[in-house]
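Chemist: Protein chains in written order, with our numbering: chain U, 1 to 229; chain F, 230 to 533.
None of these hints come from the bench; they were simulated from the model. Be a bit skeptical, because a hint or two may be false.
To be verified - With a Cα cut of at most 30 angstroms, we get these calculated BS3-like pairs of lysine-lysine: (1) U:K107 x F:K405; (2) U:K178 x U:K76; (3) U:K67 x F:K405.
As the list claims (entries may be wrong) - Derived list of chain F stretches under chain U, where covered just means 3 residues or more per stretch with a C-beta under 8 angstroms from a C-beta of chain U: (4) 408-415; (5) 426-436.
As the structure is a prediction and not an experimental result, all values here were calculated from the model. Quick reminder that beta carbons are idealized off the backbone N, C-alpha and C, glycines included.
Here are the chains, one letter per residue:
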Amino acid sequence: MLNVSDLVVCYGQSEALHGISFEANKNETVAIMGRNGMGKTTLFKSLMGVLPTRSGSIQVAGKEVSKDESYRRVAKGIAYVPQGRMIFPTLSVEENIQTGLENAAVKKVPDEIYALFPVLWEMRRRKGGNLSGGQQQQLAIARALVTDPKVLLLDEPTEGIQPSIIKDIAKALNEIRKMREITIVVSEQVLSFAMDVADRLFVIEGGRLVHESPRASTDVAHIKQFLSV
Amino acid sequence: MAFADMLNIGMMQGFAGLSLFAVLLLMGLGLAIIFGQMGVINMAHGEFMTLGAYTIFLFSTLAESFFPQFTQSYFLVAIVAAFFVAFLAGWCVEWALIRHLYKRPLDTLLATWGVSLGMQQCFRSFIGPKEVSPTLPDWLMGSWSPHEGLDIPINGLFVMALTLVVTGGVLLALYKSRWGLRVRATVANRPMANAIGINTKKTDRMTYAIGCGIAGVAGAAFTTIGSTGPTSGSLYIVDAFLVVTFGGAASLLGTVASAFGIAQMQSISEFFMTGSMAKVLTLMTIVVILMMRPQGLFASKIRH
Numbered sequence: 001m002l003n004v005s006d007l008v009v010c011y012g013q014s015e016a017l018h019g020i021s022f023e024a025n026k027n028e029t030v031a032i033m034g035r036n037g038m039g040k041t042t043l044f045k046s047l048m049g050v051l052p053t054r055s056g057s058i059q060v061a062g063k064e065v066s067k068d069e070s071y072r073r074v075a076k077g078i079a080y081v082p083q084g085r086m087i088f089p090t091l092s093v094e095e096n097i098q099t100g101l102e103n104a105a106v107k108k109v110p111d112e113i114y115a116l117f118p119v120l121w122e123m124r125r126r127k128g129g130n131l132s133g134g135q136q137q138q139l140a141i142a143r144a145l146v147t148d149p150k151v152l153l154l155d156e157p158t159e160g161i162q163p164s165i166i167k168d169i170a171k172a173l174n175e176i177r178k179m180r181e182i183t184i185v186v187s188e189q190v191l192s193f194a195m196d197v198a199d200r201l202f203v204i205e206g207g208r209l210v211h212e213s214p215r216a217s218t219d220v221a222h223i224k225q226f227l228s229v
Numbered sequence: 230m231a232f233a234d235m236l237n238i239g240m241m242q243g244f245a246g247l248s249l250f251a252v253l254l255l256m257g258l259g260l261a262i263i264f265g266q267m268g269v270i271n272m273a274h275g276e277f278m279t280l281g282a283y284t285i286f287l288f289s290t291l292a293e294s295f296f297p298q299f300t301q302s303y304f305l306v307a308i309v310a311a312f313f314v315a316f317l318a319g320w321c322v323e324w325a326l327i328r329h330l331y332k333r334p335l336d337t338l339l340a341t342w343g344v345s346l347g348m349q350q351c352f353r354s355f356i357g358p359k360e361v362s363p364t365l366p367d368w369l370m371g372s373w374s375p376h377e378g379l380d381i382p383i384n385g386l387f388v389m390a391l392t393l394v395v396t397g398g399v400l401l402a403l404y405k406s407r408w409g410l411r412v413r414a415t416v417a418n419r420p421m422a423n424a425i426g427i428n429t430k431k432t433d434r435m436t437y438a439i440g441c442g443i444a445g446v447a448g449a450a451f452t453t454i455g456s457t458g459p460t461s462g463s464l465y466i467v468d469a470f471l472v473v474t475f476g477g478a479a480s481l482l483g484t485v486a487s488a489f490g491i492a493q494m495q496s497i498s499e500f501f502m503t504g505s506m507a508k509v510l511t512l513m514t515i516v517v518i519l520m521m522r523p524q525g526l527f528a529s530k531i532r533h
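The following block holds chain F by itself, in its conformation from the complex:
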């Protein structure tokens, strides 16, 4: 094998890692907001992602049967819709369930796990147990080939771009907007934030809903890579928690770095060994690093 071939394989494998990074990061971002900022252990996060994926499927089906002229363009609208569907669902779940559990953060684990099981069964009963795939527009198909022997899939590029936009948006919102200030003040000290004029209940609901909305966008991105079934989301929930814990629960930059590290390590080691051995290696490394740095990769430096 010539050196050029090795280089091409290395780049394609590296790009596969980047695609995995994109999905992990989108999942991790929503969770980092909900778990890292609010301390709520959201086991239903995967189902909000599935909800986003089904929203894309719904739009695809609608476009195919009723508006064939939109089959090329429905996808972008559907991503926005996926955000809002998951956002609304999150809003309702917070109102009905989570807000009663802020004083008992561990109980949120059990409660949201119940929500997760319930949502999975709803998907199974109302949409169907079989996996579905939306019809993707043509411009998402195929690959980009800068030179002979190197093929970069376009859907992978699209997911990367989407991830960049969403991550940038979240960082900007959290550190530059009034909502971000409310969230960070509420996280730092809930009763004091309330006593300085911030409506903390509304802030909590908004934050949870936005985290779920981002999971919906992750689901939308997911449809370009795999097919959607009732349990698709739950396959990613462990990885997503891994990303958030490894990165340092309160740090979004840590989430980005840890998603990148985990995805690249997984993807590159998969090339040299079997998939499950690669997973073992990744987990071992994370466990060892977390033993040395229990607060995660990034932790903010302040006196208390």
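Isolated chain U, as found in the complex:
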């Protein structure tokens, strides 16, 4: 569903990603593990078109997107939950979700979104900026989901969120995948969360993918070694 090959991304003259290749299938969750500064967020931003790519290709359901502006990628089926949530603080919760309905025929928030995140229904008239971190994370996921994506990208969804909510988010992600059979790509530092949601794990280090293993045969100690500082 998502095919990335030889992706190179640069900040000015310095190359941050040195040719990343991976693929994620339909109805599969892939986790990209790595410490801070190893290129996770750079990878996600370039997949979404927030950062330009130097070379390489990104394909969603067979369609090339690497030259498109972000909003066109959304129309082709990628949705993005950025690091730090980036919800619109001045908009109400309901309006925040509605921003994702740009390509939808009906501009009303579907009921299943509120079924998935009941707290958002209770808070729907509040300003997004007044929600707690965990609620904002759910809002960011809801906003991305209403674009009806084929591929859902989540950049460090557990960062700065209390442990009990992390479990809720893992449960929601598994439910979403079961319901919609989409591809989920998630970047993580918390190994237990990744083991809860992912079918396959990659490790990124210094702008390269250095390790790949399916969940069943994952050597937890080995991956922990990559993540320790």
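Assemble chain F onto chain U, guided by the hints.
Modeler: Positioned in the frame of chain U, the structure of chain F alone reads:
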């Protein structure tokens, strides 16, 4: 002087303040959208207003020379035309100039000032340096006199009504329409709005053009009160910025409140002192209030 006379003078002076409020608000609204929402310092805003005023003059001249049967009714059509002429001009300016400057908001000041000078010279060269006035339809003339000694000018009432309609329309569009949602999302976070599927470039162009269109409507309203010359708009640009800054840059309700406050204060103090002293008093008050509340009268309360 009897008490009734004092009351009449007070009401008429208050109404003069309301007319000033109407023009300031129409100018401020367009600017609040462009400056408050997009952060573009639009020095050419006054010229878009002048463009609207000249559109009315054009329609008036056309109606007089070719379609005398429309001299009573051309005005309403001309207001709509004033909106679209200014809207189109704004669209072109955004495409040619402003869109290259979103990352350098202070440079928009210089660039739009250049546009302003250019447009003024175009008015001077192609329309003429002399001030012009459209022939207003008869129903806009005269005054409404509810009782002896109290005269409320009808053109003032008309401008008030127009302002109410435009303000209501803008508020409704910004808070209830899809365009409004796009604008507010883009303002809050441009790259993120793009990454959730909103075409931010198109949104910016539309927003700038609508702001200019509203300036065009302000120009149309202006023709009922004063005559139009190449520099008419630039006389109002400072006041318009004052209204927007005083009201709180991102808040339309603040713009309404601040336009009302400034206009009433100006108009009432003018009755007791000279015009320039009244201006000094108004500016002093605004400066003092802005020192205590730098974010303006209204600022939205959210955590970041």
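Chemist: So, for every hint listed, does it hold in this structure?
Modeler: Verification of the hints:
no.	hint	result
1	U:K107 x F:K405	12 angstroms, holds
2	U:K178 x U:K76	21 angstroms, holds
3	U:K67 x F:K405	34 angstroms, violated
4	408-415	holds (count 4)
5	426-436	holds (count 4)
Of the numbered hints listed earlier, the single one contradicted by the structure is hint 3.
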